[in-house]
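Asks: Below, each chain spelled out in residue letters.
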Amino acid sequence: MSHDRRRALARHDKDGADRDSGGDSGPDRVEERFLRPFAVAAGDPDGSGPGPGPETLDLLTLVVAARTPGRSEWLRPEREAILRHALRARTVVELAAEVNLPVGQVRAIAGRMIEDGSLQRCGPSRPLARKDILHAVLVGLRSL
Amino acid sequence: MASADSEPAPGDTEAIPQAVKIIIAGGFGAGKTTMVASVSEITPLSTEEVMTEASYGIDDLGGVEEKTTTTVALDFGRITVNSDVVLYLFGTPGQDRFWFMWDELAEGALGAVVLADTRRLETCFHAVDFFERREVPFVVAVNRFDGADGYDAEEVRRALDVDAAVPVILADARDRASCRDVLVALVTHVIRGRSPALSG
Chain A
1 MSHDRRRALA RHDKDGADRD SGGDSGPDRV EERFLRPFAV AAGDPDGSGP GPGPETLDLL
61 TLVVAARTPG RSEWLRPERE AILRHALRAR TVVELAAEVN LPVGQVRAIA GRMIEDGSLQ
121 RCGPSRPLAR KDILHAVLVG LRSL
Chain B
1 MASADSEPAP GDTEAIPQAV KIIIAGGFGA GKTTMVASVS EITPLSTEEV MTEASYGIDD
61 LGGVEEKTTT TVALDFGRIT VNSDVVLYLF GTPGQDRFWF MWDELAEGAL GAVVLADTRR
121 LETCFHAVDF FERREVPFVV AVNRFDGADG YDAEEVRRAL DVDAAVPVIL ADARDRASCR
181 DVLVALVTHV IRGRSPALSG
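Line by line, the protein sequences give chains A and B. With the UniProt record's numbering, the residue at position 111 of the first sequence is 111, and numbering never jumps. With the UniProt record's numbering, the residue at position 60 of the second sequence is 60, and numbering never jumps.
Bound conformation, chain B alone (with noise of 0.2 Å):
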């Protein structure tokens, strides 16, 4: 119920872009925030959601379950690509258990970055094993970090087992043409993807 001393907004006569999001995958320290921090046209933003973990696997009817309350971060950029469209870049919560807001992220995402550790590079499987099965399109970014021995695109495609048609690219999370590259590398995979007669 709007008061009778209510104003209308300034809002009601801007032109009102469509958001839409990337998500920026990986293993904790794979360089997410890097990445989203090295292309984003903003110092990216951050917020968190909080949760409480009910005790799992006990019976509760006693009443006596044990909670703990656990602060999940979630940093994001944004690129405005015209008037009519503003993109989001979302990095994934570190932890692999929060699948709840993967879920939620991937949600309407146009695709994904599985950032991919050479040191590590167990700690993406979670990403791509996520992507391959919610059918969201993603492209491998092997972020070269320095000291990393140099493995090379195809070592990495072989060792993560993805398909033949996923991009995987090397990059440099902290360098904002190579993130433009992955981006791009990205989209046009997900438009690829979307005209059968020009995939394959």
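Pulled out of the complex, with its shape left as it was, chain A reads as follows (with noise of 0.2 Å):
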């Protein structure tokens, strides 16, 4: 990297020279500084408190319905909405826009959710290898 930019992003950016200095720890130290807050308390007003973490989702996962929303969604409108959106196999990050909740809020409840069986995660119907994805996307992005 040239030195012109380094002296740019030092400028640009507070973190800058710890970063250069640490490697891979500058964004690992910068995310200690950020919590991501549940008012919703995960969608459990009945709380199981904090327990063990529930299940890590990514922005990809994909999650479908196990079941149909019941009663045990009454006055649980997050809950409900998930498990309405998700009928259909749905990446986490657009069971968030769909539901118009922040993403780590639907990440939090679905995690709960996958728990208490009322949500399953899923892979992908027929796996592929990566290369074999990359010239899939090549073909599908040429035919655009």
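No lab work stands behind these hints: they were computed from the structure. Treat the hints with care, since some could be wrong.
Here are a few chain B residues that sit away from chain A, every Cβ distance over 12 Å (derived from the structure) [to be verified]: (1) Thr33; (2) Thr47; (3) Glu155; (4) Leu170; (5) Ala177; (6) Ala185.
Chain B side only, calculated, beta carbon under 10 Å to chain A, not exhaustive [unchecked claim]: (7) Ala15; (8) Ala19; (9) Ser83; (10) Glu154; (11) Val166.
Pulled from the structure, derived: some chain A residues nowhere near chain B, Cβ distances all over 12 Å [said to hold, decoys possible]: (12) Leu75; (13) Arg76; (14) Glu80; (15) Gly111; (16) Pro124.
None of the values given here were measured: they were computed from a predicted structure. Where is the CB? At the ideal position from N, CA and C, for every residue including glycine.
Dock chain to chain to rebuild the complex, using the hints, since each chain is given by itself in its own frame.
Replies: Okay, here's the thing in structure tokens:
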């Protein structure tokens, strides 16, 4: 990397010096500064408390409803909305956009719902090797 | 625990595609959202991440730390490649300080497009630096804004000091075909980078 760019970075970002010397530790360190607050307690008024952390869901983790919304969603509109929108497999980030909640919150609620069996994590029907994915994407993009 | 009245979801019988992503990065106002909108098959969706920023660099034992809440918008589009693969395009949050979001977006990404605005080239240094450090393959797309000076791709390459193997392409974020060409160049670059015999 050029010295010019380094200088510009250092000017631009007060963490620049740290990132330059610390390699990969920079972003990790920055991460400590941010917390995801959940005013809706992950949709759990009956609160199971902190407990074991909910499943970690990536933005593109696919989830699908394991059942239709029922009595247990009474007064839990977030869960009901998630179940309704996940009748077909959805990525977590799409679900968040569709139910209009912050993605971190949807992740937390969906994690709990996977634990209690109302949502299922699902993988692709036909898992492909990365090489095949890249070629499929290339062909698909060319035909746009 | 499924209750007695639960029904199987329709999703059970449908083919579920693999979800993959490409990151569209660049400085504030470089055209990221425009580019996502130009190629997405859906109106780009938006979600947000709400963050509490705890006070930093101050002894917090007193319990008097100040917290401010920040909302980070996350826009994304989608391209159905075929029945097996769906491609998501994520614009990076405009503010540079949200590195944690960048990390998450970059994780598992096929690659990245760095949109460069020649009027403010320095605003994409962060992105170039980030993807180099993370070894995420990327291309630089020079967004040709109306009235911008006509820099050529090589001038931009020199100014950004990117590796000779990294494609630098002139593009128009508003134009679907142009954005498609950028994405094709990226995926070609990624494929080439993965086969050592073809690289160099």
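Asks: Indicate, hint by hint, whether the structure satisfies it.
Replies: Here is what the structure says about each hint:
1. Thr33: Fine: 14 Å to the nearest Cβ keeps Thr33(B) off the interface.
2. Thr47: The claim is violated: Thr47(B) sits with its nearest Cβ about 4 Å from chain A, within 12 Å.
3. Glu155: 14 Å, holds
4. Leu170: 18 Å, holds
5. Ala177: Contrary to the label, Ala177(B) does not stay out of reach of chain A, its closest Cβ about 8 Å off (not over 12 Å).
6. Ala185: With a cut-off of 12 Å, Ala185(B) comes too close to chain A, as the shortest Cβ separation is near 10 Å.
7. Ala15: This hint holds: Ala15(B) lies near chain A, its Cβ roughly 5 Å from the closest one there, short of 10 Å.
8. Ala19: Since the shortest Cβ distance to chain A is 4 Å, the answer is holds.
9. Ser83: 8 Å, holds
10. Glu154: Violated. Min distance 15 Å.
11. Val166: Violated - the Cβ of Val166(B) stays beyond 10 Å from chain A, reaching only about 13 Å at its closest.
12. Leu75: At roughly 16 Å from the nearest Cβ of chain B, Leu75(A) sits farther out than 12 Å, so the non-interface label holds.
13. Arg76: 14 Å, holds
14. Glu80: 14 Å, holds
15. Gly111: 15 Å, holds
16. Pro124: 4 Å, violated
Violated hints, in rising order: 2, 5, 6, 10, 11, 16; the structure is consistent with all others.
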